[in-house]
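All chains should be modelled from the sequences, with the hints used to inform the complete structure.
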Amino acid sequence: MNKGTSSEYLPDDIRRNWPDWVAGARIEIGLSGGLDSVVLLHLLAALRGEFDFTLQAVHVHHGLNEKADEWVFFCTALCSRLSVPLRVEYVDIDRQSQLGIEAAARKARYRIFSDGLCDIVALAHHQDDQVETFMLAALRGGGLRALAAMPETRPLTPKITIWRPLLHYSREQLEGYANKHGLDYMEDSSNQDSAFLRNWLRHQGLPVWRKRLPHLDKHIIGSVRALQDELALLDEVVQQDFEMICEGGFFDLTRWKHLSVPRRRQQLLHYSKLNGLGVPTPAGLADFTRVLETKRSVSAEWPLPKGKIYAYRDRLFALENGWDKACLWLDKSENQSGQLKNLLKKNNFTLERYSLGISEEVLNNECIIRAVSTEDVIETAVGHKNVWKVLQEHKVPTFMRKHWPVVINTQNQCIAIANIMVSVHYASLNGFIPYFDKFNRFVLEPK
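First residue of the sequence shown: 1, per the working numbering; consecutive thereafter.
Among the hints, erroneous ones may be present.
[To be verified] EDC-like, lysine to aspartate or glutamate: derived pairs with alpha carbons at most 20 Å apart:
| # | residue 1 | residue 2 |
| --- | --- | --- |
| 1 | 341 | 360 |
| 2 | 438 | 360 |
| 3 | 341 | 320 |
| 4 | 345 | 437 |
| 5 | 438 | 331 |
| 6 | 306 | 287 |
| 7 | 107 | 188 |
| 8 | 308 | 287 |
| 9 | 306 | 293 |
| 10 | 438 | 287 |
| 11 | 67 | 20 |
| 12 | 67 | 188 |
| 13 | 211 | 188 |
No wet-lab data here; the hints were simulated from the structure.
And the structure:
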């Protein structure tokens with residue numbers, strides 16, 4: 001652990017606390033060229049011979065600083081000197097982004113990190129960064145997850161983990177290490193601009209508070225560790241609740257209602273995050289919770305930054321923005337006619353065996369795939385039935401019905417309703433039914 005302000009213990013401390021899970025990993029360092037990332041690169045490069053890992057680096061050129069090209073040159077020379085492969089990625093940052101320049105640049109960096117051919121992205125955040133992150137969260141009214149600041153490790157993608165090995169060390173220690181080893185590094189002039197709240201906090205706010213409270217950093221770091229423990233416990237409870245709610249293979253609102261109000265809200269947050277729909281506003285979360293709680297059986301929708309959550313027949317369904325891009329039959333600019341077998345393959349359908357399904361002969365005929373119309377009818381064993389009515393009987397959610405794919409012939413007669421049934425007029429024993437896998441969860445009452 002941290003040994004005062006001396007830097008001489010830093011390499012030994014890193015060795016002693018080296019995590020077993022890093023063994024055999026491909027590590028890519030996020031290299032800005034500043035003090036922190038230069039120290040991390042030098043440390044890990046020196047440890048390559050002692051531990052089983054491969055090392056590379058990535059530098060992101062944001063184009064926001066007049067010296068950005070110099071940083072590329074510096075990082076390239078440094079990596080060459082240390083025999084570390086480097087990739088340089090160029091990104092365009094929208095200076096008018098509603099996120100703000102800092103947040104937009106961070107988003108771009110993490111997108112680049114996610115594209116790396118590695119197992120671990122090593123970032124050089126240190127203890128001073130942790131203190132600043134906590135204070136920013138507190139000043140902005142953040143909740144537990146924000147106040148818990150930066151974890152030492154977290155998933156970046158299903159295959160890549162973020163690792164912050166310097167999080168227990170101060171900037172002063174890193175400066176001492178750089179001086180001892182004669183390391184050069186680049187200074188970012190924008191870090192002095194107090195128009196950015198983090199910079200104001202670093203250069204003006206925290207120095208004043210540290211004079212008044214000499215142990216401020218120690219106390220904040222202690223609080224962060226306690227909050228991270230509490231967050232880990234909360235995450236365990238949330239996961240257990242989620243598994244209980246989804247035991248039947250779907251988000252069951254009847255089970256959800258057995259939870260306390262705070263746990264209900266956590267489940268809605270978890271479901272949104274799990275489906276990549278973004279973070280809701282507190283007001284939006286409270287409103288949707290209230291709607292679900294006050295009606296016995298509810299149909300409702302909850303707009304989110306990256307999609308929507310729908311409630312239907314005591315279940316929740318999540319749809320990302322652009323989900324319909326996979327539904328080629330909804331694109332009116334595309335010609336969705338042709339030999340049925342080829343047409344189904346083109347539209348990413350599979351053919352499943354079905355007791356009374358489409359015959360091989362019909363599969364070779366010219367057909368059309370399109371979204372259902374309210375005028376469509378299909379021939380059943382008991383006569384003609386409106387396709388919309390069939391969707392209702394199979395409890396297809398209201399919000400999905402207008403998108404449902406049907407197969408029709410050149411005379412506009414309905415041959416099949418995907419995932420549900422085949423017209424008896426075109427059916428043969430042990431035939432096939434068109435099946436669009438992503439829609440199966442919307443057939444709540446298969447027959």
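Outcome of the hint check:
Proposed proximity of residue 341 and residue 360 is supported: the alpha carbons are some 9 Å apart, at most 20 Å. Our distance criterion of 20 Å between C-alpha atoms is broken by residue 438 and residue 360, whose separation comes to about 24 Å. With a C-alpha separation of about 29 Å, the suggested pairing of residue 341 with residue 320 is violated against the 20 Å cut-off. Using a Cα cut-off of 20 Å, the hinted pair residue 345 and residue 437 holds, with the two alpha carbons roughly 13 Å apart.
Distance hint between residue 438 and residue 331 is fulfilled; the C-alpha atoms sit about 17 Å from each other, no more than 20 Å. With a C-alpha separation of about 18 Å, the suggested pairing of residue 306 with residue 287 holds against the 20 Å cut-off. A distance of roughly 19 Å separates the Cα atoms of residue 107 and residue 188; the hinted pair therefore holds under the 20 Å criterion. Restraint check for residue 308 and residue 287: satisfied, since their Cα atoms lie roughly 14 Å apart, inside the 20 Å limit.
Of the pairs offered as hints, the one joining residue 306 and residue 293 is violated, with about 24 Å between alpha carbons and a cut-off of 20 Å exceeded. The straight-line distance between the Cα atoms of residue 438 and residue 287 is roughly 29 Å, outside the 20 Å bound, and the hint therefore fails. As the CA atoms of residue 67 and residue 20 are separated by approximately 39 Å, the hinted pair breaks the 20 Å bound. Note on residue 67 and residue 188: the hinted pairing holds, with a Cα-Cα distance of about 9 Å set against a maximum of 20 Å.
For the hint pairing residue 211 with residue 188, the CA-to-CA distance comes to about 26 Å; that exceeds 20 Å, so the pair is violated.
Hints 2, 3, 9, 10, 11 and 13 from the list above are not met by this structure, while the remaining hints are.
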